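For this one, chain A is given, so just place chain B on it according to the hints.
Protein chains in written order, with this note's numbering: chain A, 35 to 245; chain B, 6 to 186.
Hints listed in this document are in silico derivations from the structure and should not be mistaken for laboratory results.
For clarity, every value in this text was computed on a predicted model and none was experimentally measured.
To be clear about the criterion: a stretch of chain B counts as covered by chain A if any three or more of its residues have a C-beta under 8 Å from a C-beta of chain A, and this derived list gives those stretches:
{"hint": "1", "stretch": "28 to 40"}
{"hint": "2", "stretch": "44 to 50"}
{"hint": "3", "stretch": "53 to 62"}
{"hint": "4", "stretch": "68 to 78"}
{"hint": "5", "stretch": "86 to 96"}
{"hint": "6", "stretch": "101 to 109"}
{"hint": "7", "stretch": "123 to 136"}
EDC-like mimics (lysine to aspartate or glutamate), calculated; alpha carbons at most 20 Å apart, straight line:
{"hint": "8", "chain 1": "A", "residue 1": "201", "chain 2": "B", "residue 2": "138"}
{"hint": "9", "chain 1": "A", "residue 1": "128", "chain 2": "A", "residue 2": "171"}
{"hint": "10", "chain 1": "A", "residue 1": "201", "chain 2": "B", "residue 2": "171"}
{"hint": "11", "chain 1": "A", "residue 1": "201", "chain 2": "A", "residue 2": "176"}
{"hint": "12", "chain 1": "A", "residue 1": "128", "chain 2": "A", "residue 2": "176"}
{"hint": "13", "chain 1": "A", "residue 1": "39", "chain 2": "B", "residue 2": "31"}
{"hint": "14", "chain 1": "A", "residue 1": "201", "chain 2": "A", "residue 2": "167"}
{"hint": "15", "chain 1": "A", "residue 1": "201", "chain 2": "A", "residue 2": "171"}
All residues carry an ideal CB built from backbone N, CA and C; glycine is no exception.
Spelled out, the chains give:
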Amino acid sequence: MTGAKVLRFAAVAVVLAAYAFVFRGGEGRIAAQLGENARLVERLRAAERTLGARPHIEAERTRLRGRLRTVELDAGRSALVAHFLRDAAAIAAKHHATIPTITATSAAATGAQSTVLAAGVTEPEPLEALPLEITVEGRYADVLAVIRALSRTRIPAAVDVASLARKHADGADAALTAALHVQLQRRLSPEAAPRVTAPSDRSTDVRARRG
Amino acid sequence: MRRINYLPSWSERHLGIALPPVLAAELRAPLVAFTGSLALCGVLWGVQATRLHGVERDGVAYAAQLAATQLDVARVRALEHDVVRLRALAERVETIRRSGALHANEIAALGNRLPANAWLTSLHADRGALALEGHGARLSAVGTTITALAALPAYRAARLVAIHEDPQRSGVTYALSLEPR
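For reference, chain A alone in the conformation it holds in the complex:
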């Protein structure tokens, strides 16, 4: 009887051990592996979605590059200023205004310096600012038209109005004089010259009167 009891007890113990270690243990490992598989499948689907979006992303990049090609972001400093002067002269002539002075100022003098883009998760794109002080003279509507047009040339130029006043304080003439802060922007490429605009002691005055 003792042997039979031992055998019965052993049978029950084996069944319990099988449940506890083989079944439950196996279920745990299988569940863990299924979870890992689910994560892999999710990553695989995400990767497939990413790959599926590739044509759209490429099209978007092409569109953005085309959009950025309409402005001269990568020109050298001299070329940038030269192009802007030509455009400014054309704008002034078109709107019957005059640009008596354009003065290039140093970045330190105007507080302008290399700016960076706050581009969220991506690394910022550094832009170098070339500050100019521009005076525009003309009638009210013409001056406003020139202010509007100066920032829409091929050269990215941030235009800020410092002052706008009647040319003659006695009011005899309807002509206005506008003093503008203009910052020409160019992209800093790795092979480009130093990032911060080098301070320059000399000012360059350019007269672009309409003929």
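Showing chain B alone in chain A's frame:
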């Protein structure tokens, strides 16, 4: 009561030899149960091992597929990164290109807000604030001007700086300051 099995054993019936029982009768049922439990344990282990092997095989297959796509995914990620950079740059350029129109429209809005009997002589920007000087036909015109300019959405308040009677022209000259929002 003691039960006696009169049935001849298998060896006695077939071989004519009555072999002594290897196992006591009372142990047979427990032994069968024990053997059954061992078999159950074995079957259970086999089933679980097969299932585990199956899911591990699936996992290896998924990992291989994932590894095969990683290079292409990295290229697409680089493209996305480039697009984000270009988009930020394009937005920045667009903001720059709008700056002239923004200021011109601001000045135009100022001029349009002025009442008929008030004029603007000059405008100076100073750290975001706008200093205005002008001429009014009457003192009340300056009040109307302040009310009209204070209603501009870009400015928090229009502050009177000074008003003087204009000896040369009839009316008054005024100086105002517009504080940005």
